[in-house]
Amino acid sequence: MLAHRMLFDEPTIAARVQELARMIARDLPEPTPVLIGLLTGSFIFLADLVRALARLEIEPEVDLMAVSHYGPLVASSGLVQIHKDSALDLHGRVVLLVDDILDSGHTLSMVRAHLAARNPRWLRSCVLLDKPGRRQVAISADYVGFEVPDAWMIGYGLDAYGQGRGLPYVAALHAADPAGKDVTT
Numbered sequence: 001m002l003a004h005r006m007l008f009d010e011p012t013i014a015a016r017v018q019e020l021a022r023m024i025a026r027d028l029p030e031p032t033p034v035l036i037g038l039l040t041g042s043f044i045f046l047a048d049l050v051r052a053l054a055r056l057e058i059e060p061e062v063d064l065m066a067v068s069h070y071g072p073l074v075a076s077s078g079l080v081q082i083h084k085d086s087a088l089d090l091h092g093r094v095v096l097l098v099d100d101i102l103d104s105g106h107t108l109s110m111v112r113a114h115l116a117a118r119n120p121r122w123l124r125s126c127v128l129l130d131k132p133g134r135r136q137v138a139i140s141a142d143y144v145g146f147e148v149p150d151a152w153m154i155g156y157g158l159d160a161y162g163q164g165r166g167l168p169y170v171a172a173l174h175a176a177d178p179a180g181k182d183v184t185t
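Each residue of the sequence shown is one higher than the one before, counting from 1 in UniProt numbering.
It is possible that some hints are incorrect.
Unchecked claim - What follows is a list of derived Cβ distance ranges for each label pair:
1) Asp63 <-> Arg165: 14 to 24 angstroms
2) Arg51 <-> Asn119: 34 to 44 angstroms
3) Pro31 <-> Gly133: 29 to 39 angstroms
4) Thr32 <-> Gln136: 28 to 38 angstroms
FYI, nobody ran anything at the bench for these hints, they're computed from the structure.
Ideal Cβ placement from N, Cα and C applies to all residues, glycine included.
Using the sequences plus the hints, can you model the full thing?
Structure (structure tokens):
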């Protein structure tokens, strides 16, 4: 396992997801939004958010998109590719884009523009983690779980080199992984 330091434990994450669900539910113009999660990192957050919204009598339709902008290294290439698009008709719909982390801003910016071109009536974004110190694109999420430092995050769906995704908490990796590769960028 990669050397890491826990930032947010399970109860803290669960409480924050409930808070986010309450904020989102208050803002939704209708109780049947479309939630679009970005694979793979957001799948745990998305599932917990869907359940939290259901407790508030919000019944979202769920879809997933697969996008990437990381090559063999952990640094963003800046080029975002859609590998799986949403198959839903979003015209006139209420849409919430859900992602694990807002880092450089390239992914959220491109996907938000892509979805906006499909003419939803309402389009907002929600991220579990926000790393503003790494922003390269002027964008912010409408709903943010936690602000995090400039370090590589693992756990609660996030991974590094395929490791750490199943951890029930969010952690920051130490400056180098066991192979000596810098993972803070």
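Quick rundown of the hints versus the structure:
1. Asp63 <-> Arg165: 14 to 24 angstroms: 21 angstroms, holds
2. Arg51 <-> Asn119: 34 to 44 angstroms: 29 angstroms, violated
3. Pro31 <-> Gly133: 29 to 39 angstroms: Hint holds: Cβ distance 36 angstroms, inside 29 to 39 angstroms.
4. Thr32 <-> Gln136: 28 to 38 angstroms: 35 angstroms, holds
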